[in-house]
Amino acid sequence: MAEKYFIRYGDGYGDTMTAAEIREEIDLGTEDAAERGKIPPLAADEREYLLEICTMPQKFVTVDPGKEVVVTNDEGTLKVSTRCGVSIDRTTALMIDEKILCMDTAELAHIDYSFKPIKPIIHDEVCAMHHAQLNTIIPVFYGAMPNLGLYTKPDGPVGNWAELLPAGKIDEAREAQEIAVEHAVKDIVTVAHRMYEAGADGINLDTVGASGDADALAAFKAVKKIKEMHPDFPVEAGMAGEFYLGMHGELEFEGQRLAGLYPHEQVKVAEKAGVDIFGPTVNTNSSMSFPWNIARVVTFIKACAEVSDIPIHPNVGMGVCAMPLTDSVPLDAASRADKALVEIAHADGL
Amino acid sequence: MPINHEVSAGMSGIRTAGDLVARAQMAKKLKIDDAKRYVADRLKISLEDLHDSSVMRDIRNELNIGETNARPESAVALLAKARIAELLDIEINSVSKFRNWASL
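So the protein sequences, as listed, match chains A and B. In terms of my numbering, the first sequence is residues 1 to 350. In terms of my numbering, the second sequence is residues 1 to 104.
If you're looking for bench data, these hints aren't it; they were derived computationally from the structure. Treat each hint with caution, since some may be false.
[What the hints assert, rightly or not] Computed from the model, here is a short list of chain B residues facing chain A with C-beta under 8 Å:
#1 P72
#2 S74
#3 A77
#4 F98
#5 N100
[Claimed, not checked] Only pairs whose alpha carbons sit at most 16 Å apart, straight line, appear in this in silico EDC-like list of lysine to aspartate or glutamate:
#6 K28/B with E197/A
#7 K67/A with E48/B
#8 K44/B with D58/B
#9 K67/A with D89/B
#10 K59/A with E21/A
#11 K29/B with E175/A
#12 K97/B with E197/A
#13 K28/B with D15/A
#14 K67/A with D52/B
#15 K221/A with D155/A
#16 K4/A with D32/A
#17 K225/A with E271/A
Every residue, glycine too, gets a C-beta built ideally from N, C-alpha and C.
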């Protein structure tokens, strides 16, 4: 009887497969990515190495010595104080990130993690950044999401395209998104400028494209303005999903239509905007196996790394880049995802 | 989750040269191998040394650019960053801003 290996599914639950079954999952995953992205599938030796990673007996695996990369993260300061409920200040969490958890970089963030709600309280966030910068050695970003949905009624000034589209009001939905983009750009640029003045090491635009192509347009337009104002201020842009949903469908950034772009195409738009670190991501299919998901991820991210002129840090968070869709992500899957992303996809960071 | 990533694939921050490589990458849009080479050249050390916490502890102490352990007279926080900016020949925003504010 063929030896069976422990694997997980995209929802986190475990199962066993033979090497032949895992190989088949890898083949199907890479071919799915190749077909959707119109990119090359993984080569035979890359598939074999991915099989080796998936079947390593260790519970937790690491990259080979010398292949380490730098790590940036989103919502960094909230993970200790808010997510875990430890009663400490956010800037104390940054010192824990640096001296105890030994992170390469950190991020100051507000619990309401979008640029729109941060703008009215930016004066307090500036003070927090001052404290953060006075007390840390590692680079400290300030991060938030463009989150275009917040600009819709009743919380915002424009119509809700998610309601207008099903009602057949296509023109109204498009106009609402175009207006929302301009509001979002102002908010993002205002916050970024104040954080630059506060001494931040960079700004992180997280989950770009979460509300579709207009969300991505807002982010890229904002990045371009930020770089015009402060050319040396680093900007990281992390994507929300593997392609931009065409909620508008006709939006372009400098001649490039945004709807439907995959990571290897998104990164070229990011470069045009002036992004310094690009965070591509690939959706996890919770019904499919980890080998299927990671093969798909590595195929997309490798194609992105090959065409990119800037460093890429794939977003390896819950529910993306083969990470199972669960709050307690199993480390056997997470560490294998990291190893594959660095050693096969050639990520510059995570 | 960040801890998983740092242990499985990260450079471990100020235990090694993780913060320095990150700064080189951010300041100059360098891919990881180029960022490591830049830092190694500036520090006049080998690429292998960048990842070695034992070696980097001595180097960081010698250069006085901060490390994980609290030691008397060791540069902390902004003091360490001021040295890092000079060492790597890059601008660190907080160092420049606080220098201006302090009229230094």
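Status of the hints after comparison with the structure:
Taking 8 Å as the C-beta cut-off, the interface hint given for P72/B is violated, the closest approach to chain A being about 16 Å. A hinted interface residue such as S74/B counts as satisfied when its beta carbon comes closer than 8 Å to some beta carbon of chain A; here the least separation is about 11 Å, so the hint is violated. Contact between A77/B and chain A, as hinted, is supported at the beta carbon level, the nearest pair being about 5 Å apart and thus within 8 Å. At about 7 Å, the closest approach between the beta carbon of F98/B and any beta carbon in chain A falls short of 8 Å, and the interface hint on this residue holds.
A cut of 8 Å between beta carbons decides the hint on N100/B: the least distance to chain A is about 10 Å, and the hint is violated. As the CA atoms of K28/B and E197/A are separated by approximately 20 Å, the hinted pair breaks the 16 Å bound. A threshold of 16 Å between alpha carbons decides the hint, and for K67/A with E48/B the separation of about 10 Å falls inside it, so the pair holds. Restraint check for K44/B and D58/B: the C-alpha separation of about 14 Å stays at or below 16 Å, so the hint holds.
A C-alpha spacing of about 25 Å is found between K67/A and D89/B, which places the hinted pair above 16 Å, so the restraint is violated. Note on K59/A and E21/A: the hinted pairing is violated, with a Cα-Cα distance of about 20 Å set against a maximum of 16 Å. Our distance criterion of 16 Å between C-alpha atoms is broken by K29/B and E175/A, whose separation comes to about 36 Å. For the proposed pair K97/B and E197/A, the alpha carbon gap of about 7 Å is at most 16 Å, so the pair holds.
Proposed proximity of K28/B and D15/A is contradicted: the alpha carbons are some 44 Å apart, above 16 Å. Between K67/A and D52/B, the direct Cα distance comes to roughly 12 Å. Compliance with the 16 Å bound is thereby established for this hinted pair. Of the supplied pair hints, the one linking K221/A and D155/A is violated, its CA atoms being roughly 23 Å apart against a limit of 16 Å. Between the alpha carbons of K4/A and D32/A the distance comes to roughly 25 Å, so the proposed pair goes past 16 Å and is violated.
At most 16 Å may separate the alpha-carbon atoms for a hinted pair to count; K225/A and E271/A meet this at roughly 14 Å.
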